[in-house]
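> From first to last, the protein sequence lines stand for chains A and B.
Counting in my numbering, the first sequence runs from 12 upward without gaps.
Counting in my numbering, the second sequence runs from 15 upward without gaps.
Please note: incorrect hints may appear among the correct ones.
[Unchecked claim] With a straight-line Cα cutoff of 20 Å, these simulated SDA-like cross-link-like pairs (lysine to any residue) come out:
1. A:LYS97 to B:VAL48
2. A:LYS134 to B:GLN127
3. A:LYS171 to B:GLY353
4. A:LYS280 to A:SER321
5. A:LYS61 to B:ARG213
6. A:LYS134 to B:PHE347
7. A:LYS190 to B:GLN127
8. A:LYS134 to B:GLY353
9. A:LYS302 to A:ASP374
10. B:LYS345 to A:GLY395
11. A:LYS174 to B:ASP217
12. A:LYS97 to B:LYS345
13. A:LYS58 to A:ASP346
Everything labelled a hint here was simulated from the structure, so no lab data went into it.
Residue strings, one per chain:
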Amino acid sequence: MTRTLRLSTVALVALLGACKKEEPPTPTAPAQQPQAEAKPAEPPAPKALKIGLVIDVGGRGDHSFNDAALRGLETWAAGKRYEGGKYAPASAEEVKQSITQDLANLQPPITALNVEPLVIQSKSPEDYEPNLDLLVEQGSDLTIGNGFLLESAVEATAKKQPKAKFLLVDSLILDAENKPYSLPNVRTVTFKENEGSFLVGALAGLVSKTGKVGFVGGMEVPIIKRFEAGYRAGVKTTNAKAAPGLVAVYTGSFDNVAAGKQVAQDLLKKGVDVIFQAAGADGLGVIQAVKEARAAGKQVWVIGVDSDQSHVAPEVVLTSMLKHVDLAIYHACRDLTEGKFAAGDVVLGLKEGGVGYAEVRLDFPGKAEALQKVEALRQRINSGELKVPGTMDEFAAFQATP
Amino acid sequence: MGERWRAAVPSILSVALALVVCWIAIALTRDTEVASNAYLQMLYGGIGQWPRYLDGGDLAVIVRPLGEAASKAALLILTGLSVAVAFKAGLFNIGAQGQMVVGALAAAVVGAQLSAHALLHLPLALLAAAVAGALWALIAAALKLWRGVHEVISTIMLNWVAVTLVDNWLVVGPLRPTVTGGHSVSGTAEIFPTAHLPRLLGDISRMNLGFPMALAVAAFVWAWLIRTRRGFETRAAGLGPEAARAAGIPVKQRMAEAMGLAGALAGLAGAVLVLGTEFRYPGVLGAPYGFDGIAISLIGNNNPLGVTITALFFGALRAGGTRMQLLGVHKSFPELIQGLALLFVAGRLVWLALLRRRRTQPASAEVPRA
Numbered sequence: 012m013t014r015t016l017r018l019s020t021v022a023l024v025a026l027l028g029a030c031k032k033e034e035p036p037t038p039t040a041p042a043q044q045p046q047a048e049a050k051p052a053e054p055p056a057p058k059a060l061k062i063g064l065v066i067d068v069g070g071r072g073d074h075s076f077n078d079a080a081l082r083g084l085e086t087w088a089a090g091k092r093y094e095g096g097k098y099a100p101a102s103a104e105e106v107k108q109s110i111t112q113d114l115a116n117l118q119p120p121i122t123a124l125n126v127e128p129l130v131i132q133s134k135s136p137e138d139y140e141p142n143l144d145l146l147v148e149q150g151s152d153l154t155i156g157n158g159f160l161l162e163s164a165v166e167a168t169a170k171k172q173p174k175a176k177f178l179l180v181d182s183l184i185l186d187a188e189n190k191p192y193s194l195p196n197v198r199t200v201t202f203k204e205n206e207g208s209f210l211v212g213a214l215a216g217l218v219s220k221t222g223k224v225g226f227v228g229g230m231e232v233p234i235i236k237r238f239e240a241g242y243r244a245g246v247k248t249t250n251a252k253a254a255p256g257l258v259a260v261y262t263g264s265f266d267n268v269a270a271g272k273q274v275a276q277d278l279l280k281k282g283v284d285v286i287f288q289a290a291g292a293d294g295l296g297v298i299q300a301v302k303e304a305r306a307a308g309k310q311v312w313v314i315g316v317d318s319d320q321s322h323v324a325p326e327v328v329l330t331s332m333l334k335h336v337d338l339a340i341y342h343a344c345r346d347l348t349e350g351k352f353a354a355g356d357v358v359l360g361l362k363e364g365g366v367g368y369a370e371v372r373l374d375f376p377g378k379a380e381a382l383q384k385v386e387a388l389r390q391r392i393n394s395g396e397l398k399v400p401g402t403m404d405e406f407a408a409f410q411a412t413p
Numbered sequence: 015m016g017e018r019w020r021a022a023v024p025s026i027l028s029v030a031l032a033l034v035v036c037w038i039a040i041a042l043t044r045d046t047e048v049a050s051n052a053y054l055q056m057l058y059g060g061i062g063q064w065p066r067y068l069d070g071g072d073l074a075v076i077v078r079p080l081g082e083a084a085s086k087a088a089l090l091i092l093t094g095l096s097v098a099v100a101f102k103a104g105l106f107n108i109g110a111q112g113q114m115v116v117g118a119l120a121a122a123v124v125g126a127q128l129s130a131h132a133l134l135h136l137p138l139a140l141l142a143a144a145v146a147g148a149l150w151a152l153i154a155a156a157l158k159l160w161r162g163v164h165e166v167i168s169t170i171m172l173n174w175v176a177v178t179l180v181d182n183w184l185v186v187g188p189l190r191p192t193v194t195g196g197h198s199v200s201g202t203a204e205i206f207p208t209a210h211l212p213r214l215l216g217d218i219s220r221m222n223l224g225f226p227m228a229l230a231v232a233a234f235v236w237a238w239l240i241r242t243r244r245g246f247e248t249r250a251a252g253l254g255p256e257a258a259r260a261a262g263i264p265v266k267q268r269m270a271e272a273m274g275l276a277g278a279l280a281g282l283a284g285a286v287l288v289l290g291t292e293f294r295y296p297g298v299l300g301a302p303y304g305f306d307g308i309a310i311s312l313i314g315n316n317n318p319l320g321v322t323i324t325a326l327f328f329g330a331l332r333a334g335g336t337r338m339q340l341l342g343v344h345k346s347f348p349e350l351i352q353g354l355a356l357l358f359v360a361g362r363l364v365w366l367a368l369l370r371r372r373r374t375q376p377a378s379a380e381v382p383r384a
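Make a model of the complete structure from these sequences and hints.
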């Protein structure tokens, strides 16, 4: 018995030793805390505004929706580069490269603002609300919820914190019956994804050789249906034969690369040669599948979404439907620094530069003509002559006029 | 006394070792100051930012983190107990995740489709979740007891059946809420306020009735296992089915009961998630608490008290871990700590062997308790 006692003591000592290793933080921490708060006061310039951003479960590095938000906040607004958990100043070249061609001539141009990003990734849906709470508690002057998945969380936090300002990207504030309403401290931004999808659909119709084009969506929600409706309308406009046979599949998630790949492989097997994906991280699987099919000698293309995804697989990404979450967030930051931030519902379409398509870097027969046709369609949308369907019902009534 | 403590030593050492290893991992990738501060932030997020409060800060800076830790702990207690109860009956329930999913869905459906007085609505929703989880687990029990299908296989497969059925069909299909004007919502319709688990601390914290309920359930499970004849028979069936049968214990029945209870507990976890914080079945059900339950149960030595303590610890760690991101530490460190702790506990036989080797006496009386 005494021996076991001694053993327990030994274990206890070992345990204490183990705990001790973590104790040093305590003395340093109080020193650290004021330091962090003192930092902004150091330069004579006005204090940097803290911008908090909560991104959804797709996480950093989805090459799509969340990365677009991070680009808007970190690269454009703060002029920073995120590397190994730290921020370093981004070079002018880096910032320039991150701006897609359709925004290159934006007025006023994108310049770094005096803001400090504070980014939290969410591990599960029930973490959205505490994460927003945490950012408000950390003193962020504007707290951004990125994605419609955060709608309830932004709504709840904004009600709890009437003095804090919020930006909700990609959704309106909805009540229990899912009817939109507004809160005095929340700005919402939504996009006319159908208009951008229309243009890439038109391009897909022009590029397709087999006359079979496909669509891969993530969760089957109205917002993704809007991509599908616009895409279908675009295909119908430039390639009436391909439209009836257009296959649209939904993976049911935004964070399952394997599911995206599987679905895309099925489509490719059916002879589809252009796939447009609007599926978050699942879309990376779609790109992967198309890349592999190309390596196997098939003449196939994929169209990316939200951000310019060309760098993921330069040889197969025809273009990307851009959804400028980055611009929406940058604008909100700029409004905040200029003291012009106001609540309300903002809708960004093709005309406002909120959606578009990325530079087409790949060559295909008849490229110049095809791009000309697509640009002509852009003009018709901008002028209001062409109305792009936003739902499947509207698509059913859509008459293509090439 | 000494006996019980010795059973806990491997777990405590494992958790401590996991903490140290992760600290070193952060220190190696960043530096020691970041690692130490990250742990401090985790502490703040798990048990409250006491220094700031004592400096005259808002009460919310301690109550909110505590509430988050408690909500997470409640889920982990329930799924951990689910695995532990099955374990006591000699069954390895890997299906807590699936049982939680169907439980959560049942709670969401009863909460949203039924309207009743709060005194009736909430218990009904909880009951529906428990029953759904139990039925889901009983499928595996039935397969095991009548057809000899190993429960590890059947519960794993039932997890995927549940996820596919619920996440990929019911939630996006028949149970999708009606939406006007093309707005996107994820998950099922919002539940009525009468089915909410009441918040215990008002608006400043999400701490809800789910936490005391989970503690009460843990006490109930402990009493059932240790203090009742059925509990004794269940444990006997788990330790040696043949011997138990020879002693006249209806082994199959006890195993089925234990599995049903395990499913009900996991189902309740789903209900606590839906009725406590989400208020609807979300598009994708939270973190995989069902799988975490396995880790919690094993680290907690499959003992209700151990499970509760482990769940409280990891609840605080997981809730606080998010704050590590403020220092740019990757979001998955809390899971890494839990995973490593599990790995080290799995090596408990090594721990025990090490402890035993130091002993010169014949170790006959020191059979390790499973």
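> None of the hints should be skipped; say for each whether it holds.
How the hints compare with the structure:
1. A:LYS97 to B:VAL48: 11 Å, holds
2. A:LYS134 to B:GLN127: 29 Å, violated
3. A:LYS171 to B:GLY353: 35 Å, violated
4. A:LYS280 to A:SER321: 23 Å, violated
5. A:LYS61 to B:ARG213: 31 Å, violated
6. A:LYS134 to B:PHE347: With a Cα-Cα distance of about 11 Å, the restraint between LYS134 of chain A and PHE347 of chain B holds, given a limit of 20 Å.
7. A:LYS190 to B:GLN127: 18 Å, holds
8. A:LYS134 to B:GLY353: 16 Å, holds
9. A:LYS302 to A:ASP374: At roughly 16 Å apart (the allowed maximum being 20 Å), ASP374 of chain A and LYS302 of chain A satisfy the hint.
10. B:LYS345 to A:GLY395: 45 Å, violated
11. A:LYS174 to B:ASP217: 15 Å, holds
12. A:LYS97 to B:LYS345: 14 Å, holds
13. A:LYS58 to A:ASP346: 16 Å, holds
This entry does not satisfy hints 2, 3, 4, 5, 10, going by the numbered hints stated previously.
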